[in-house]
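A.B. asks: Next come the chains, spelled out residue by residue.
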Amino acid sequence: MVRFKNRYVLCEVLSDDPRCRQCIEERAVGLAVRDAIGRVHGDYGLACCSVSFTVKYLNAYTGMVLLRCRKDSYRLLCSALPFVRHLESRAQRYPCALNTLHVGGTIRTCQKFLIQYNRRQLLMLLQNCTNEEERQCIQKSLLSCSLTEEQSQSGDEEDDDGTE
Amino acid sequence: AEAPVAAFERRVLRSAAPHHYLRVRLELPDGGARPNAAQFKQLVVSALRELHGEVGAALPVDLLTYEEKTLSAILRVISSGLVKLWSALTLLGFYQNRRCAFRVLQTSPFLLALSGNSRELVL
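Residue numbers (the working numbering), protein chains in the order written: chain A, 545 to 708; chain B, -3 to 119.
Simulated from the structure, these hints should not be mistaken for laboratory data.
Where is the CB? At the ideal position from N, CA and C, for every residue including glycine.
Do not take every clue at face value.
[What the hints assert, rightly or not] Once the Cα atoms are required to be at most 27 Å apart in a straight line, the calculated DSS-like pairs of lysine-lysine come out as:
| id | chain 1 | residue 1 | chain 2 | residue 2 |
| --- | --- | --- | --- | --- |
| 1 | A | LYS600 | A | LYS684 |
| 2 | A | LYS615 | B | LYS65 |
| 3 | A | LYS684 | A | LYS656 |
| 4 | A | LYS684 | A | LYS549 |
| 5 | A | LYS549 | B | LYS65 |
| 6 | B | LYS65 | B | LYS37 |
[Unchecked claim] To give an idea of the chain A side of the interface with chain B (calculated C-beta under 7 Å), a few residues:
| id | residue |
| --- | --- |
| 7 | VAL584 |
| 8 | ALA591 |
| 9 | SER596 |
| 10 | PHE597 |
[As the list claims (entries may be wrong)] Label pairs and their computed distance ranges (CB to CB):
| id | chain 1 | residue 1 | chain 2 | residue 2 | range |
| --- | --- | --- | --- | --- | --- |
| 11 | B | SER75 | A | GLN665 | 55 to 61 Å |
| 12 | B | ALA3 | A | PRO626 | 49 to 55 Å |
| 13 | B | SER76 | A | GLU676 | 46 to 52 Å |
| 14 | A | ASN675 | B | SER42 | 53 to 59 Å |
| 15 | A | GLN566 | B | THR66 | 43 to 49 Å |
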């Protein structure tokens, strides 16, 4: 079988600055990653990785980014991700770091991983709660989220779907 | 008693030598100042940095000999980096805004093989 195989890299954008969240958009992240690949791997690496490179999914609230690239050049991409240090958009740049969570062959495997990861993160957040009212707040919001029929599936599926 | 039959063993190594050696010549058609050894090495490293980035610039390249009069040198590079070095030298076009070109005269995994060149043999 001859077909083009892709690799999907799931990363998390970490930043000390809370204003960095507004900077997380597809164009800014794409440019920052391309610039880092150009610095680390040169013109050849940049051209190799740009063949089928896009930001497939982005969530500014949780800082999740899903990047796609060809299977032949995913190692170049993954090795250049630690060199992304700033995100720039609308003439503002904020320092940030990209943490690689998962590399998958399809969007579906990355989504499955993301659901499990978010479930574990929510549990950890609940455990690290300092006072009682935060705990109550989190528990209430967890129990209240649910899948509604008319909303699109993709928006809800990476959150805890409230069935537990 | 008969002598034991000698076992036949064949070992094939794809690239046993750790380094590759290249004899290169820099062509600078205009008659300007010639680079010295340090500037030559800087040129090679900057060519690697342009084409292959910081990873390429960190490739261990050694300048073994350099002749300023003929601008020819012998470079040594680790075997896994030969393709990166040769492609970077091929695609280098400018030295200090002057047109230049690298010609690779000989290449071999053994330094001794660079001492003789059958192309320059006068019969």
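A.B. asks: Honestly, which of those hints from before does the structure not fit?
C.D. replies: 1, 2, 4, 5, 8, 9, 10, 11, 13, 15
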